[in-house]
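Enquirer: What follows is the residue order along each chain.
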Amino acid sequence: MGKLYKFLKYFFITFWAVFVVAPFLWALTTSFKDFNSVNGGATYIPWVDFEPKLEGWRVLIKSPANGGVDIIEPYFNSLFVTCTASLISIVLGTLSAYALSRFTFKAGFVKNNDITFFFISQRIMPPIVLSIPFFLFLGAINLLDSLIGLIVVYIVLLMPIAVWIMVDFFNKVPREIDETALIDGCNPYQAFFKVVLPNSIPGLIVAGMFCIIFGWIDFFFAFILTFTEVQLLPVKIVALNSSITPWWSLSASALVSVAPLIIVAFIVERYLSKGNLSGAIK
Amino acid sequence: MNLVAENLSYKPDEQFHLNEVSFNFEKGNIYTILGRTLSGKTTLLKTIAGLLTPDTGAMQFEDKDFLKVPVWERNIAMVYQQFINYPHLNVFENVAFPLKQRKVDDQLINDEVTKSLKSVGLEGYETRKIQELSGGQQQRVSLARSLVKNAKILLLDEPLVNLDYKLREQLREEFKNIFSQGLSEDSIVVFSTTDPREAMEINGEVIVLDEGKVLQVGSAKEIFENPKTLKVAEISNDPPMNILKASIETNKIKFEEIEVELPNHLSNLKEKNFNLGIRASDIKLSDSGFEFEVELAEISGSETLLHLKRGNSRIIISIEEVLNFNIHDKVKISFNISKIYAFNENGVLSSSPFGGSYV
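Top to bottom, those sequences are chains A and B. Residue numbers are given in the working numbering: position 248 of the first sequence equals residue 248, and the series is strictly consecutive. Residue numbers are given in the working numbering: position 276 of the second sequence equals residue 276, and the series is strictly consecutive.
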């Protein structure tokens, strides 16, 4: 029983790991191949199966005129939009979450929980439903096909995540800590910034990471709300997926585009495994 | 100037958390709020602190309308029953926090914090993280933080309740020392507790609170000797005072087919029927006594608490040694009749062994 259990356990873990990692390995090996290696059948091990070439990676920094894939500008666009939208979402989301956690709001039948639900409900609707109003709205204020317009839309999408995570987090910070800060001579703002916020850093990190992940991977809105002026990375990568772009440069671009997320995932994982975030996410 | 409150009421839901509470706290004194859980003790302390605003009533301190002063300007200190400290700061920084907030000079902060940590027995722990301390030590840090401020009003909300037995004894001694030496002439200490023994030991003025209402105010001795009502007698004794329905017939007290002599202090009792009150410690096992049936025997420390039954009456007696009993055993007990309290049918004290009466 014990041995069989152990065998099955490791079998499934290995199976799952291979299942998850295989596409990355596939892309990684492909990015180092040239025409002959790609067309020569499935090969995996460099120097043994095929001769690695750096051509796929070189095109990343080449200008389009010289046959480059032109992802540098979309890359920085994506970085700028994601970071700005995440930062604003975290600041606004944290403030709203603190208010929702500590103060009692009432407007008719609308109470704290209803407001929290309202925030989260923004994420319940399928994106396609939101896309038309967003399109018309951005069109009306002349922000279609602009970075600012995308930031506005991303704040709408990311802030609910921040609110959701931070409300839960603040609910777990005892109220008595705020009260003690007030008793010790802090006004409510000082109590928030000097006591509550420093104790919420793990929550802020997790909320921030989630915002970055969801902002970075969004394809749909970046696709709908931009045309020619501004292009974000996911749209660009998909656009590359055509017969003109060789497989090796496509693979290299895709790997570069997920690199930030891999870094983020490692940071979150480190915080989670430390155990000091055990209550921060459900 | 005193801290004076008039008719404070607070009713956030169907129930009163405070119901017409009035008091007059003088500087240099210790006040104990005695009441069971949910009796409104914490609400009262939070109202004094300014964390809650009562629906009605007034509070004055040092010639100011205290209800209009925001918490952070009230110069109070409060210790909670949960060990509340700032988890992101170490022990020294925790205690220094209120002084830093006042922008006190660094050298002075250093001196004051060191002095305060010494007074709670935590010297040498300055750089420790809060999470590395035991519950008792955490509670001492919050005590040190509240002492360092030299606050005019020090509020202690059941500070010992979440500690284990031994630490509680130890910290209670320390409290007594701190209160007797360190307390300055112009501060008020308010201490809340559910434990009557604690209230007696602190030995200040006791306020008995129940369902948000003040039932009795008096010295610890006065509350012990002459509890105003049945409710006070229940709250201020642990185990609660035994109450039996009794009647007087020709110089005898009768209850549950038991007859005992009428003690002198009950001889002027007007009513025939009354509620007889007697403390668990005033009932003894005795071979010549009356037979009761054992319902439960609890051993608590070095004493045994026996829950007994006879007819419709249930009583608890405490025996100062550890004895084993089985359920349904028959035991014989005798009552110390000189310690019998009489409460009238409305539950008001009509005669006590110490001569008090509220009828």
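Hints are computed from structural coordinates only; laboratory data are not their basis. Some hints here could point you the wrong way.
[To be verified] Some chain A residues flagged as far from chain B (calculated, every beta-carbon gap over 10 Å):
#: 1; residue: Ala17
#: 2; residue: Pro23
#: 3; residue: Gly41
#: 4; residue: Tyr44
#: 5; residue: Phe80
#: 6; residue: Lys106
#: 7; residue: Gly108
#: 8; residue: Cys186
#: 9; residue: Val195
#: 10; residue: Ala239
#: 11; residue: Ala259
[Claimed, not checked] Within a straight-line C-alpha distance of at most 25 Å, the following computed SDA-like cross-link-like pairs (lysine to any residue) qualify:
#: 12; chain 1: B; residue 1: Lys68; chain 2: A; residue 2: Leu261
#: 13; chain 1: B; residue 1: Lys270; chain 2: B; residue 2: Lys284
#: 14; chain 1: A; residue 1: Lys62; chain 2: A; residue 2: Gly41
#: 15; chain 1: B; residue 1: Lys68; chain 2: A; residue 2: Glu179
#: 16; chain 1: B; residue 1: Lys252; chain 2: B; residue 2: Lys129
#: 17; chain 1: A; residue 1: Lys236; chain 2: A; residue 2: Leu261
#: 18; chain 1: B; residue 1: Lys129; chain 2: A; residue 2: Ile205
#: 19; chain 1: B; residue 1: Lys11; chain 2: A; residue 2: Leu100
#: 20; chain 1: B; residue 1: Lys152; chain 2: A; residue 2: Ile177
#: 21; chain 1: A; residue 1: Lys111; chain 2: B; residue 2: Lys11
#: 22; chain 1: A; residue 1: Lys194; chain 2: B; residue 2: Pro87
What you are looking at is a predicted structure, and each value in this text was computed from that prediction instead of being measured. A virtual CB, placed ideally from N, CA and C, is assigned to each residue, including glycine.
Enquirer: Hints numbered earlier in the text: which of these fail when held up against the supplied structure?
Expert: Those not satisfied are hints 8, 9, 12, 13, 14, 16.
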